[in-house]
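**Student:** Here the structure of chain A is known, so what remains is to put chain B in place on it, guided by the hints.
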Amino acid sequence: MTAALRPSPSACPACDAAPAALATAEAHVAAQPGQIMLSLPTIHCAACISKIESGLRAYPGVKSARVNLTLKRALITADPALSASDMVACVNALGYEAHELDAAVLTATATDKAGRDLLMRLAVAGFASMNVMLLSVAVWSGAADATRDMFHWISAAITLPTIAFAGQPFYRSAWGALRAGRLSMDVPITLAIALAIFTSLWETMLSGHHAYFDAALTLTFFLLAGRYLDHRTRAIARSAAEELTALEVPRAWRLENGAEVEVPVVALRVGDLIAVRPGGRMPVDGVITRGASELDRSLLTGETRPVFAGAGMQVSAGEMNLTGPLTLRATAVGSDTSLHRMADLVAVAESGRANYTSLADRAAKLYAPGVHILSALAFAGWLIGTGDVRTALNIAAAVLIITCPCALGLAVPAVTTAASGRLFKRGMLIKHATALERLAEVDTVVFDKTGTLTTGTPTLDAPDALDPIVLAVALALAEGSAHPLSIAIAQAGREAGVQPALITDIREVPGYGTQGMWQGARVRLGRASWSGATPVATAATYLQIGDDVPLALTFTDSLRTGAADSVAALMAAGKDVWLLSGDSTPAVEAMAKRLNIPHWMAEALPAQKAAHIQEMTAKGHPVLMVGDGLNDTGALSAAHVSISPASALDAARAASDIVLLGADLTPIAEACTIARQATRRIRENFRIATFYNLIAVPLAVAGLATPLIAALAMSSSSIIVSLNALRIRGRG
Amino acid sequence: MNILVYLIPISLLLGGAGLIGFVYTLRSNQYDDPEGDKNRILSGEWDDHPKP
Chain A
32 MTAALRPSPS ACPACDAAPA ALATAEAHVA AQPGQIMLSL PTIHCAACIS KIESGLRAYP
92 GVKSARVNLT LKRALITADP ALSASDMVAC VNALGYEAHE LDAAVLTATA TDKAGRDLLM
152 RLAVAGFASM NVMLLSVAVW SGAADATRDM FHWISAAITL PTIAFAGQPF YRSAWGALRA
212 GRLSMDVPIT LAIALAIFTS LWETMLSGHH AYFDAALTLT FFLLAGRYLD HRTRAIARSA
272 AEELTALEVP RAWRLENGAE VEVPVVALRV GDLIAVRPGG RMPVDGVITR GASELDRSLL
332 TGETRPVFAG AGMQVSAGEM NLTGPLTLRA TAVGSDTSLH RMADLVAVAE SGRANYTSLA
392 DRAAKLYAPG VHILSALAFA GWLIGTGDVR TALNIAAAVL IITCPCALGL AVPAVTTAAS
452 GRLFKRGMLI KHATALERLA EVDTVVFDKT GTLTTGTPTL DAPDALDPIV LAVALALAEG
512 SAHPLSIAIA QAGREAGVQP ALITDIREVP GYGTQGMWQG ARVRLGRASW SGATPVATAA
572 TYLQIGDDVP LALTFTDSLR TGAADSVAAL MAAGKDVWLL SGDSTPAVEA MAKRLNIPHW
632 MAEALPAQKA AHIQEMTAKG HPVLMVGDGL NDTGALSAAH VSISPASALD AARAASDIVL
692 LGADLTPIAE ACTIARQATR RIRENFRIAT FYNLIAVPLA VAGLATPLIA ALAMSSSSII
752 VSLNALRIRG RG
Chain B
58 MNILVYLIPI SLLLGGAGLI GFVYTLRSNQ YDDPEGDKNR ILSGEWDDHP KP
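The listed protein sequences derive, respectively, from chains A and B.
Counting in my numbering, the first sequence runs from 32 upward without gaps.
Counting in my numbering, the second sequence runs from 58 upward without gaps.
Among the hints, a few may not be true.
When the alpha-carbon atoms are kept at most 27 Å apart in a straight line, the in silico DSSO-like pairs for lysine-lysine are as follows [said to hold, decoys possible]:
{"no.": "1", "chain 1": "A", "residue 1": "94", "chain 2": "A", "residue 2": "82"}
{"no.": "2", "chain 1": "B", "residue 1": "108", "chain 2": "B", "residue 2": "95"}
{"no.": "3", "chain 1": "B", "residue 1": "108", "chain 2": "A", "residue 2": "650"}
{"no.": "4", "chain 1": "A", "residue 1": "650", "chain 2": "A", "residue 2": "606"}
{"no.": "5", "chain 1": "A", "residue 1": "456", "chain 2": "B", "residue 2": "108"}
{"no.": "6", "chain 1": "A", "residue 1": "103", "chain 2": "A", "residue 2": "82"}
{"no.": "7", "chain 1": "A", "residue 1": "94", "chain 2": "B", "residue 2": "108"}
{"no.": "8", "chain 1": "B", "residue 1": "95", "chain 2": "A", "residue 2": "94"}
{"no.": "9", "chain 1": "A", "residue 1": "144", "chain 2": "B", "residue 2": "95"}
{"no.": "10", "chain 1": "A", "residue 1": "606", "chain 2": "A", "residue 2": "624"}
{"no.": "11", "chain 1": "A", "residue 1": "103", "chain 2": "B", "residue 2": "95"}
{"no.": "12", "chain 1": "A", "residue 1": "396", "chain 2": "A", "residue 2": "456"}
{"no.": "13", "chain 1": "A", "residue 1": "606", "chain 2": "A", "residue 2": "456"}
{"no.": "14", "chain 1": "A", "residue 1": "456", "chain 2": "B", "residue 2": "95"}
{"no.": "15", "chain 1": "A", "residue 1": "144", "chain 2": "A", "residue 2": "456"}
{"no.": "16", "chain 1": "A", "residue 1": "456", "chain 2": "A", "residue 2": "103"}
{"no.": "17", "chain 1": "A", "residue 1": "103", "chain 2": "B", "residue 2": "108"}
Chain B regions said to be covered by chain A (calculated; three or more residues, Cβ under 8 Å) [unchecked claim]:
{"no.": "18", "stretch": "60-71"}
{"no.": "19", "stretch": "79-90"}
Keep in mind that the hints were calculated from the coordinates and are not lab data.
Virtual Cβ for every residue (Gly too), placed ideally from N, Cα, C.
So here's chain A without its partners, still in its complex pose:
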């Protein structure tokens, strides 16, 4: 997956799945000097582990090295003098791919405290419920008198501390909801547990027949299992999202007394002089003080044509320097950069999405008051009917336990875990909890062009149609340059089997192009203004031979793998597909024709993109936005649900709900299918739960629900619902 990554400035260091305030608080703990973390995407077996570990340990200065195969990482403790690049070189020499990881961003997932805490409570609840269930079996099979009382007392002794410890997540969340004046799913859960314990204790004291200790415990156990599944799905997503961010260790070269010093981007201050080499990105906003070059602004504007950059020009963080070395004076750093100001656009656009309530929440809204009213009515009815508080309370507790939302609490997490797991295997990372449900509702898909449908690397148009001599000259000039258009020419020339022409005095003029002497005439390959040509609208470079009329060599972006398939599959599924781009009209039109996209819009400003999507949403079309650039962040947040490729700027990744880990776009169409399937399973599970309640609740209200029936009904419905959820893994 790492092959698809482009380095980019860090716009949001904590670009992760869920708001992780805790995580950032702990982030400083493990980032000690001398600790180096590497990502090893290609390791897969026992031999890899021992080869890398022994190789690293043999390296002078390394104290210890431990490979984690699950996360495909290595943690190295070494002398502070050793740098991460030494370690990367050492692993590369062993024959494995390795990338440095920013440990400060990652440590949050290394110590997953919340997950461990839940697992501990789950284990305690499991242990206690098994024991109490065994004791209950004795009671159900006819233990009487003193024996039954003793069993009840032992059950109480096990249950009380367990419930006090294991149920805490529910109590806390219920208290939080009540304080905010809401009714969440946890309120009936807490009430059911409390009432069950209270009546059971009372019954036990009066040596009554029925105690619900086992029911209270299994309830806690099942619900904790659902809670843990839910947490794990999110933790995996967060860990992978953090890894993407951690791979981009932001560095810059600051000029100090004339020498270039490597510093982290966060250490840069306004007024610093910064050197940006060809191929590097601007770390901050600034003004060019020295040098001339061309800039690729596609991540910010979607425009594929490189622009000229010379002294005195303003540049923004995130732009890529193409040809010549530049020196900038920083005018805005960190959160003041234009990259960060885009976040305002995101905040405005996001308000629409916050209104979405998940299926589970919608169900809980209907369900929680219903359960309370039903149970209160049963209590009142039996109190009036029999005049016995004890019986009435028993019935009310039975109703609450029977109706308790095992299906809601377990079914939704089980379905989302299964579906997210399946999508993760296909290379999609679900960052947001309700993203799948929203994806299922989508009927319009909007694509960005540059960097999303295309890879951002240009290819030369129709090299066969060119005069072989022209191509030979262009090839000779292009071979000396690292400019993306030159690379494209060189590649096309080599594929066509053309020998480069013999050109002397080849010289690259940064910011303009390359020139040389061919058969006594001056030849120039470069910008329109420089080679004296009239510029055409698409991405192009211009070749002038002698004093001839310059010839335009035009380029198209090469398509991403799966782009055509994905668009075709989405249209076949009846979705409305749009292309919104900031690039010039001819380029966008050509791309739309190439992929048969019916609707397109070119030269769209970031705000226009977002407005267009809001307009479509207002017309009742939930939109899926697929984009990667900074100019897409507004649109990504305005859309009902959004996807960005791993190569996107992390501002764009932060704004989207789903991240594509590979370079392939094919999983998008499949994700829509899986999302719809998952939502159908969730609804199915709700129906199963409702059906079960329709049978069990009248029994409970009628006073026929013994603890045995409660235990059987609860366990069987939970198991049925979980099995139904798991079906999503197996079938297409």
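**Tutor:** Chain B alone, transformed into the frame defined by chain A:
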């Protein structure tokens, strides 16, 4: 029925031992790298002498 006096504590102790064992594995980070652990047992690196 007197046998219950022994049997119930024994069952609780056995279950409790399992629970304590689980807590120990949780505390000593044994769930951090299940993939790696399952592969490490195949490595012959420490077959002749234990890891120092």
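**Student:** Does each hint hold? Answer for all of them.
**Tutor:** Now for the hints, and whether the structure bears them out:
Restraint check: the Cα-Cα separation between residue 94 (chain A) and residue 82 (chain A) comes to about 16 Å, which is no more than 27 Å; the hinted pair holds. Between the alpha carbons of residue 108 (chain B) and residue 95 (chain B) the distance comes to roughly 17 Å, so the proposed pair stays at or under 27 Å and holds. Distance check on the hinted pair: residue 108 (chain B) and residue 650 (chain A) sit about 67 Å apart at the alpha-carbon level, beyond 27 Å; violated. Our distance criterion of 27 Å between C-alpha atoms is met by residue 650 (chain A) and residue 606 (chain A), whose separation comes to about 15 Å.
Annotation: proposed proximity of residue 456 (chain A) to residue 108 (chain B) is violated, straight-line Cα distance about 35 Å (limit 27 Å). Annotation: proposed proximity of residue 103 (chain A) to residue 82 (chain A) holds, straight-line Cα distance about 14 Å (limit 27 Å). Distance restraint check for residue 94 (chain A) and residue 108 (chain B): the Cα-Cα separation of roughly 15 Å lies within the 27 Å cut-off, and the hinted pair is therefore satisfied. Straight-line distance between C-alpha atoms of residue 95 (chain B) and residue 94 (chain A) comes to about 25 Å, which keeps the hinted pair within the 27 Å bound.
Our distance criterion of 27 Å between C-alpha atoms is met by residue 144 (chain A) and residue 95 (chain B), whose separation comes to about 23 Å. Using a Cα cut-off of 27 Å, the hinted pair residue 606 (chain A) and residue 624 (chain A) holds, with the two alpha carbons roughly 17 Å apart. With a C-alpha separation of about 14 Å, the suggested pair residue 103 (chain A) and residue 95 (chain B) falls inside the 27 Å cut-off, and the hint holds. With a C-alpha separation of about 34 Å, the suggested pair residue 396 (chain A) and residue 456 (chain A) falls outside the 27 Å cut-off, and the hint is violated.
A hinted pair counts as satisfied when its Cα atoms are at most 27 Å apart, and residue 606 (chain A) with residue 456 (chain A) qualifies at roughly 25 Å. Under the criterion of a C-alpha separation no larger than 27 Å, the hint pairing residue 456 (chain A) with residue 95 (chain B) is consistent with the structure, at around 20 Å. With a C-alpha separation of about 25 Å, the suggested pair residue 144 (chain A) and residue 456 (chain A) falls inside the 27 Å cut-off, and the hint holds. In summary, the hint linking residue 456 (chain A) to residue 103 (chain A) is supported, as the alpha carbons are separated by about 15 Å, within the 27 Å threshold.
Between residue 103 (chain A) and residue 108 (chain B), the direct Cα distance comes to roughly 22 Å. Compliance with the 27 Å bound is thereby established for this hinted pair. Closer than 8 Å: that is the beta-carbon criterion, and the stretch 60-71 of chain B has 4 residues meeting it against chain A, so the requirement of 3 holds. Remark: the stretch 79-90 of chain B is confirmed as covered by chain A, as 6 of its residues place a Cβ nearer than 8 Å to a Cβ of that chain, reaching the required three.
In the structure shown, a violation is registered for the earlier hints numbered 3, 5 and 12, in ascending order.
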